[in-house]
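Top to bottom, those sequences are chains A and B.
The opening residue of the first sequence carries number 4 in the numbering used here; numbering runs sequentially from there.
The opening residue of the second sequence carries number 4 in the numbering used here; numbering runs sequentially from there.
Hints are not guaranteed to be accurate.
If several chains are the same, the list does not tell them apart, and a pair holds so long as it fits within one copy or across any two.
[As the list claims (entries may be wrong)] When the alpha-carbon atoms are kept at most 27 Å apart in a straight line, the in silico DSSO-like pairs for lysine-lysine are as follows:
#	residue 1	residue 2
1	108	86
2	17	86
3	86	74
4	17	108
5	74	12
6	74	108
In case anyone wonders, no lab produced these hints; they're calculated from the structure.
There are 2 protein chains.
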Amino acid sequence: MSTLAIGQKASLTKRFGAAEVNAFAGLSEDFNPLHLDPAFAASTPFERPIVHGMLLTSLFSGLLGQHLPGKGSVYLGQSLSFKQPVFVGDEVTAEVEIIALREDKPIATLATRIFTSSGALAVTGEAVVKFG
Amino acid sequence: MSTLAIGQKASLTKRFGAAEVNAFAGLSEDFNPLHLDPAFAASTPFERPIVHGMLLTSLFSGLLGQHLPGKGSVYLGQSLSFKQPVFVGDEVTAEVEIIALREDKPIATLATRIFTSSGALAVTGEAVVKFG
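When you get a sec, could you build the whole thing from the sequences and use the hints?
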């Protein structure tokens, strides 16, 4: 395994369409019409259905578990701040960046961010991960 | 809409089996073998495949969006601390409890918890939600 260092990044781009949002609604039991019903969404300030925030942030799980730190990582904690909506069907880029490494244990802190296709910061936060 | 008050709770019990874990792997792009591969999991301290932490916490999205505060809720933030693994196929109970209400804005803070079927605290944290 390569050595981890502060500043290392990994990213992933994905589009969540109605099929993915519907699948996540079933997994999470979150059938909030803001995510699923264009007529309801039109009555809100968002105007169009938005992707569940927790579906967006599931990409952090993918990045941490597959890419950085990678296979065998164990999630210890995550903070999330939802800044901007992401509309169903829009592409997003999730990014993780190592910002701290403990000296006593194999534990890393990563900045975690989701950007919209126009580069706006949609979600920000930090992950704490044990790697092995 | 009923008035929200500190101490109000909502909960949801669900079992995440291999089908749900596989579906979430596709949505999150997290194909970490710790979640999907019994042979790999057997080589880890967990011994058996564990549910993705972010799949467990998706239940908070469901509770907040459907039950408390309910329809039309907008997620502002979430902190998560993963305390115990949940094995694939085990039942979990997710619970949200209002612990603070802002006086100036319709914003609530909720304690968020996931318990295993034996009552152990698997995930803890707090959600901040705008309701309307």
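Structure-based check of all given hints:
For the identical chains of this complex, residue 108 and residue 86 are inter-copy neighbours only, at 17 Å across copies versus 32 Å inside a copy, given an alpha-carbon limit of 27 Å. Taking the closest pair of Cα atoms, residue 17 and residue 86 come within 27 Å of each other only inside a single copy of the chain (18 Å); across copies the shortest separation is 29 Å, beyond that limit. Taking the shortest Cα distances, residue 86 and residue 74 sit within 27 Å of each other only across copies (20 Å), while inside one copy they are farther apart (30 Å). For a Cα distance limit of 27 Å, the shortest separation of residue 17 from residue 108 qualifies neither inside one copy, at 33 Å, nor across copies, at 34 Å.
In this homomeric assembly, residue 74 and residue 12 come within 27 Å of each other (Cα to Cα) only inside a single copy, at 16 Å, whereas the closest approach across copies is 37 Å. In this assembly of identical chains, residue 74 and residue 108 lie within 27 Å of each other by CA distance solely inside one copy; the values are 17 Å within and 43 Å between copies.
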